[in-house]
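J.: For reference, the chains in residue letters:
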Amino acid sequence: MIMTSKSPTQKQKMTSAIVIVAEHAEGRIKPVTYEVIAFARKLQRHTSSSPISILLLADEVENPAQELADRCGLDVTAMRIPAMQSYNGELYVQVLAEFLADMHPAFVCTAHTSQGQDYAPALAVKLSAACITGVGDLIGQGKETAFARPTYGGKVIAHLQPRSPTAVITVQPGIHNAAAKPGNTKGNVTILTPSAQNRRSRSLGIKQADADTARIGDASVIVAAGRGIGEEDNLDNIRQLAALFAKSAVAGSRIVCDLGWLGYPCQVGVTGTTVSPQLYIACGISGAVQHVMGMQGSEFIVAINKDPSAAIFQVADIGIVEDLNAFIPEFIRVYNSEKGGQNG
Amino acid sequence: MKILVCVKQVPESEIPIQIDDTGSWIDMDAITEFKMNRLDEYAVEEALLIKASLPDGHIDIVTVGPDHCDAVVRRAVGMGADSGVHIRLDADGYQSPWGVAAALAAFARDKNYSLILTGAMSEDSMQGQVGPMLAACLDYGWATSVIFEKIASDEKTIYVEREIEGGHRDTLELNLPAVITIQSGINTPRWPSLSNLLRANSQELETINMSDLVQIQPMEHPAAVGYPQKSRAGLILSGSRAEKAAHLLTVFREKSFL
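Chains A and B are the protein sequences, given in the same order.
Numbering-wise, my numbering puts 243 at position 240 of the first sequence, and it's gapless, one number per residue.
Numbering-wise, my numbering puts 202 at position 201 of the second sequence, and it's gapless, one number per residue.
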């Protein structure tokens with residue numbers, strides 16, 4: 004490795020260090036990275052670990068690395084990989100395994116996203132590290148610290164403890180507050196240019212989703228449809244309800260997208276988009292953990308479902324046990340009549 | 002081309018999950034209804050579609066689990082796979098993904114599979130680790146959450162599209178052999194046919210004890226398991242449908258949503 008600046012950190016053996024692998028796109032740090040930083044600060048308090056540092060792998064590293072160091076006050080080691088224009092799992096594992104094998108961190112934290120899920124388990128094998136994915140919270144202190152993650156469809160939460168010097172952790176998005184710590188000090192940026200070569204895979208770029216679909220991530224109000232809408236035509240109810248609100252969007256659960264009723268860009272959940280609008284109205288959604296993980300950061304959640312035992316009511320501020328296909332038209336009627344009264 | 006599909010047996014989705022007396026794991030004895038992991042059904046179907054598109058193909062099915070798991074191997078053979086292997090565990094309970102991946106790697110290493118498929122994640126443990134770990138153990142290329150694939154005509158590479166956030170797709174080419182994990186929606190899994198099921202039931206499954214393949218100390222320990230906590234106030238509105246609608250409208254007005 005070629006050092007292009009001072010502070011040679013990688014020679015030091017830091018057995019209680021926490022390392023974060025940042026996620027970025029198009030030269031910008033993805034907000035989920037700041038959630039991972041918040042999780043790592045909590046992990047540091049639970050385990051009395053050494054300082055947190057950040058690794059960033061990209062073809063162009065200067066701007067995103069500086070953004071990170073300025074915003075969170077942590078040291079950033081940026082790995083410049085000119086050949087990697089977008090995420091490539093093989094290069095990530097190759098570069099990270101070599102760097103981290105020298106560093107011996109206690110924890111490697113990254114986001115439980117399509118990237119983190121792709122490389123973290125392979126990295127753990129290369130580091131002979133424990134791998135705990137989809138972590139929501141921390142339980143206990145010190146050596147007894149356990150990583151809590153939903154299992155069996157979210158019906159139970161498993162508390163897993165690493166039994167290895169290093170543990171690779173993927174952090175569930177949408178749980179930890181991404182607000183950056185207002186620090187007086189800025190972190191240092193170190194830029195390395197590791198050798199990295201694709202031997203078994205070649206990235207061919209990102210295929211963008213159809214652009215005509217509303218960007219649900221930007222909406223203030225999301226009305227989401229689940230299997231409980233019954234049939235595709237009933238999406239009209241969902242669209243009419245959404246139309247009452249300014250800056251609203253229609254979204255759906257995975258199964259609604261698998262059925263082709265909505266496009267995948269509209270999918271909320273672990274495999275879709277993680278959203279945190281001011282208002283989320285879940286219509287006919289059972290509340291499988293994969294969906295809940297994608298919307299539980301919403302400020303206010305209303306659930307409409309005819310099954311009173313549906314798990315979605317566990318995360319709702321207001322629950323309405325009704326058939327949505329009868330309730331939504333009723334709600335729109337009440338809204339229109341009140342509006343008429345106000346105007347008249 | 003030899004293809005391996007790794008499948009898992011999981012509890013039926015609708016059954017309750019209870020914590021055992023020790024509080025350290027769930028009560029496995031209380032689970033009596035099982036099925037094939039949904040994403041693994043898509044993986045089996047994708048393997049069958051690949052085989053149908055090639056001049057010659059052979060599909061093996063493998064699972065890791067206790068005795069009752071042989072049912073999912075038979076189901077996959079019933080869907081049309083050629084033969085099945087059951088890597089046997091003595092007991093139910095928490096399975097470290099690494100242990101499972103290491104056992105699968107030990108099994109697959111010398112068998113010249115060009116492609117290994119599995120579901121992107123299991124419905125029960127939801128870790129999504131076995132696929133990339135298996136690739137790492139074998140030093141193969143891999144791609145997770147694959148929603149489209151096409152094998153090159155020379156059968157040396159595979160083009161894949163991975164589903165990423167926002168419905169976008171990350172595209173890449175992998176050298177074969179490779180491991181791909183399959184996302185739902187890539188195809189429509191078929192039902193097992195009667196003739197294939199009869200064949201599956203008469204066919205001898207190869208059974209291997211996991212302990213004969215690998216001896217792995219789990220790197221993580223299931224210390225405890227708990228029920229999820231209700232995370233919000235969860236006011237359930239009462240009254241007639243119209244009263245609930247009026248109440249909801251009042252809340253929306255108070256919060257300035259409308």
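Honestly, the hints are just simulated from the structure, not real lab data.
Fair warning: there could be bad hints in the mix.
[Said to hold, decoys possible] Only part of the chain A face toward chain B is listed, based on derived beta-carbon distances under 7 Å:
1. Thr18
2. Arg31
3. Ser117
4. Ala125
5. Pro168
6. Leu195
7. Thr196
8. Ser206
[Claimed, not checked] With the C-beta cut set under 7 Å, the calculated list includes, among others, these residues of chain A facing chain B:
9. Met87
10. Ala149
11. Tyr155
12. Arg205
13. Leu262
As the structure is a computational prediction, the values presented were derived from the model and not from experiment.
Here a beta-carbon is modelled for each residue, glycine too, at the ideal position from N, C-alpha and C.
J.: With reference to the structure, classify each hint as holding or not holding.
T.: Consistency of the hints with the structure:
1. Thr18: Check failed: Cβ of Thr18/A comes no nearer than 16 Å to chain B, outside 7 Å.
2. Arg31: With a closest approach of 14 Å, the Arg31/A hint is violated.
3. Ser117: holds (4 Å)
4. Ala125: Since chain B brings a Cβ to about 4 Å from Ala125/A, closer than 7 Å, the hint holds.
5. Pro168: violated (10 Å)
6. Leu195: violated (23 Å)
7. Thr196: violated (23 Å)
8. Ser206: The hint holds - Ser206/A has a Cβ within 7 Å of chain B, the shortest such distance being about 5 Å.
9. Met87: Hint violated; Met87/A Cβ to chain B Cβ min 12 Å, cut 7 Å.
10. Ala149: holds (5 Å)
11. Tyr155: Hint on Tyr155/A: holds, closest Cβ of chain B at ~5 Å, below 7 Å.
12. Arg205: holds (5 Å)
13. Leu262: This hint is violated: Leu262/A lies away from chain B, its Cβ roughly 9 Å from the closest one there, beyond 7 Å.
Comparing the model with each numbered hint stated earlier shows that hints 1, 2, 5, 6, 7, 9, 13 do not hold.
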